[in-house]
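**Q** Residues per chain are reported as follows:
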Amino acid sequence: MFGIVGYGAYVPCYRIRTAEIAAQWGRASEGEPKGKGLVEKTVPGMDEDTITISVEAGRHALSRAGIDPRRVGALYIGSESHPYAVKPSGTVVAEALGLGREVHVADFEFACKAGTEAMFCALSHVKAGEMDFALAIGADTAQGAPADPLEYTASAGGAAFVFGRGDLVTCEVECTHSVTSDTPDFWRREGNKYPRHAGRYTGEPAYFKHIVDCAAAILEKSGTSAKSFQHAVFHMPNDKFPLAAAKKLGFSPAQLEAGFLVREMGNTYSGSSPMGLAAVLDRAAAGERILVVSYGSGSGSDGFVLRATAELAGSRDRAPSLRAQLDGHRVQLTYAQYAKYRGKYHLNG
Amino acid sequence: MSAPRYAREIPQRYRFEAARCRQCRKISFPPRAVCAGCGSESSEPASLSDHGKIVTWTVVRVAPTPFALQAPYVVAIVELDDGVRVTAQIADAHGEELDFGTPVRRVLRRVRAEDDGGIIEYGYKFVLARLT
Amino acid sequence: MRDVYVIGAGITPFGELWQRSLRDLFVSAARQAMVDAGVDRLDGMYVGSMSPGLLVEQEHLSSLLADYLGVLPAPCVRVESACASGGAAFRSAFFEVASGASDVVLAGGVEKMTDADDVTRALATASDQEYEAFHGITFPGLYAMMARAHMRQHGTTREEIAAVAVKNHENALENPNAHLGMRISIDQVIASSPVADPLRLLDCAPVSDGACALILGSEDQAKRAKGPLVRVTGVGAATDAIALHARSDVASLEAVARAAAKAYAMSSRGPRDIDLAEVHDCFTIAEIMAIEALGLVDRGRGGAATSAGETSRRGRIPVNISGGLKAKGHPVGATGVAQIFEIVTQLRGAAGKRQIANARIGLAQNMGGTGGSATVHILEAV
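Chains as they are written, first to last, in this note's numbering: chain Z, 21 to 369; chain V, 528 to 659; chain U, 123 to 504.
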């Protein structure tokens, strides 16, 4: 049996309400902005970034796994906001987590699905027998341009998964699948601060096509149907798309409920579906099946069919749940504070 | 900061690696060649506790240039559970939340990142111990 | 060891001296001192300066200043112990004369601070770079942490701390060379711009340029010079952990206490014998902790004693009659020498409107960083 032996997630304590952003640009909070239905999103502190978020999530995952960090053979971090343009996030995180030097480290990048890519590869190494444990993290401190619809949703957070085998597995991975095409729906050129997107093109031909194709294929590959699953997580760029994808695939909103974090978290990009999975694992009972299908612009989707084992419940309390972090100590920011934290002010030089 | 200087200190900045004197058991952070307690030159690796309590603190409002945009920020002396004291920022705090003895736990954060394109300096800070 | 006397003294005004360079300032003070001592050559020179490299990109002061003062080829060395550089320079000069190796040695100090862009960063080098300054702590921040601890441990109040500033700025009104002589109130101190909680702008010594020089001489030299004799009777120095978090008590100054003990023992004097003191009030709270460490007031009573006027000009033990670092100014390397300059001036009876009557025994305390190093000197009118 191969799968997750430890999971963890982290959100910063800062929030900004979508109403606060809307007021900044003279818009009502209902109707116009694409983020309708979202209440607030997470904002990283000025001293936080993808690396620091990955370290927190990684620590939680290692606590739940209960293993010596030096037994981890690979660390992969997927993000679209790696702090350096050239220098891996993974080396800092590997040192901070005490993984030792005998570890394979790589940064992944594929818009919002870089996190599930890291998971895909980490799992493969363990399955191939190359190593006993591999750690995959999806984390982002996503940026939205001022006055752009993405500003309502782009947020910060991350989730980490230690993959392993045998008795330690708390959530088995039964099947994986991936689809890809060159669909330019959302991109950022070198040197540009903010991404650009192709408006409504990001919907049907991009998000929906890949998620639905990947989901349909993995259901067939694994011999399952929508009814086989107690939980499903689809990438959450806003609160409408995942519910619409669910409907197309025959999943009910109730099946999405445990991992449906976007309304109070925003879109954590490479952290989105991984964090949805972490939230599900905070609650899933032994034997429950989980479907995770991510989406990354450019485009592609990674799919996972997972099943919680009896070991899951016992490992949970070793780290804080994502729900406890989302509901716990929160600091609301004004737009001015938010702009300062997100570096939207420019100084000379 | 210079890259070699930064890299040398990674074991302390990222992992709180310290040393314990083999003779008098005093913990030194950072590790020292000569024990401050008994003068012995023989020590073994030790790691510090991640949890501690506030000894005293301030809110820095006039900051040196590399920290200018972060001001105001809280800096404190924290006494760790193993008795060692360190100076560090208290992240995600403004000062009113703190009191003598407030429990805190260690996190990794960006400490400095100058706009000139130099390396990003990560290091330990503390946050109020709410969840763990 | 033989007796050592201060036979000459010179000082520049302290302040923002835009037109004067480091070498100008030093030469001005040093020439005054040499003229005062009636000497035209030196056996040696010690110059205290904390950060000429960072502040004006100039090291090798030993050569530069001996050259510009016109005392080549006299041996010279720059002494550094953060803010205690001046006191340390004086101590080194003392031992060179006391040992008999030299008869006439200059102890000077200079700091040129107003050319620099980021003085806070230069001053932070007096703390532990890796384990204090790295984290964004500043000197006001370190002293603010000490103040908070002192208030907690001893019940010292915000008003008592502010009383130090009120006293010293008023004292400086009678000091023609002082940077900031002014009359202010406790409320003004407490309402001034926040710097590092709980300290405010008026709790902090200013950034100043300035230089000071003293000539130390043997007894023969002293007799040749004119004027009242001032002898150095007590010399003490000590170090403590550089990082505030490594001290045994963040609200007291152990290095100062140890240095004082040595100086008292050497001079066979005690705190009760001291007629006046110049102490290191880089921040208001530093004076409170210093007078406790020197034994001039009971431990924990520094704030109360200041509020009650015990350290005022007319009080039991006048402290910082010159205005202290707070009001006279704090050109870092010059400070330790300037404190002794004030004691010498008082013991000579030459302090004009700020003269303390019957001043016979004076003490000067100089300190580096948050107390990582300290010097204490006791001088007496002979």
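Just so you know, the hints here were simulated from the structure itself, not pulled from any lab data.
Any given hint could turn out to be false.
Below, in silico cross-link-like pairs of lysine to any residue (SDA-like), each with a Cα-Cα straight-line distance of 25 Å or less [stated by the list, open to error]:
hint, chain 1, residue 1, chain 2, residue 2
1, Z, 364, V, 647
2, Z, 360, U, 276
3, Z, 364, V, 596
4, Z, 213, V, 639
5, Z, 360, V, 534
6, V, 580, U, 251
7, Z, 107, V, 639
8, Z, 360, V, 565
9, V, 580, Z, 337
10, Z, 213, V, 641
11, Z, 213, V, 648
12, V, 580, U, 371
13, Z, 360, V, 599
14, Z, 360, U, 316
15, Z, 360, U, 376
16, Z, 360, V, 647
17, U, 384, V, 641
18, V, 580, U, 276
19, Z, 213, V, 640
20, Z, 107, V, 645
21, Z, 364, V, 565
22, U, 384, V, 565
23, V, 580, U, 275
24, Z, 268, Z, 246
25, Z, 213, V, 596
26, Z, 360, V, 623
27, Z, 107, V, 534
28, Z, 213, V, 597
29, V, 553, U, 380
30, Z, 107, V, 539
Stretches of chain V that chain U covers, calculated by requiring three or more beta carbons in the stretch to come under 8 Å of a beta carbon on chain U [to be verified]:
hint, segment
31, 567 to 576
32, 612 to 618
Don't be surprised by glycine CBs; every beta carbon is placed ideally from N, CA and C.
**Q** Three residues or more, CB to CB closer than 8 Å: is that satisfied between the segment 612 to 618 of chain V and chain U?
**A** holds (count 5)
**Q** Do the alpha carbons of residue 107 (chain Z) and residue 539 (chain V) lie within 25 Å of each other, as the hint requires?
**A** With Cα atoms ~21 Å apart, residue 107 (chain Z) and residue 539 (chain V) stay inside 25 Å; holds.
**Q** Residue 360 (chain Z) and residue 565 (chain V) were given as a pair; does the straight-line alpha-carbon distance stay at or below 25 Å?
**A** 49 Å, violated
**Q** Does residue 275 (chain U) lie within 25 Å of residue 580 (chain V) when you go C-alpha to C-alpha?
**A** 17 Å, holds
**Q** CA of residue 364 (chain Z) to CA of residue 596 (chain V), is that 25 Å or under?
**A** 12 Å, holds
**Q** With a cut-off of 25 Å on the C-alpha distance, tell me whether residue 107 (chain Z) and residue 534 (chain V) pass.
**A** Satisfied, since the Cα-Cα distance of roughly 14 Å is no more than 25 Å.
**Q** Hey, residue 580 (chain V) versus residue 371 (chain U), does the alpha-carbon distance stay inside 25 Å?
**A** 16 Å, holds
**Q** Residue 384 (chain U) and residue 641 (chain V): Cα distance at most 25 Å?
**A** Violated - the C-alpha atoms of residue 641 (chain V) and residue 384 (chain U) are around 46 Å apart, more than 25 Å.
**Q** Regarding the pair residue 580 (chain V) and residue 276 (chain U), is the alpha-carbon distance no greater than 25 Å?
**A** Roughly 20 Å between the alpha carbons, so the hint for residue 580 (chain V) and residue 276 (chain U) holds.
**Q** Has the given pair, residue 360 (chain Z) with residue 623 (chain V), been kept, meaning a C-alpha gap of at most 25 Å?
**A** Holds, at roughly 21 Å.
**Q** Between the alpha carbons of residue 360 (chain Z) and residue 376 (chain U), is the straight-line distance 25 Å or under?
**A** 43 Å, violated
**Q** Below or equal to 25 Å on CA atoms is what counts here, so check residue 360 (chain Z) against residue 316 (chain U).
**A** Distance of about 21 Å is within 25 Å: holds.
The structure shown violates the earlier hints numbered 2, 5, 8, 15, 17, 21, 31.
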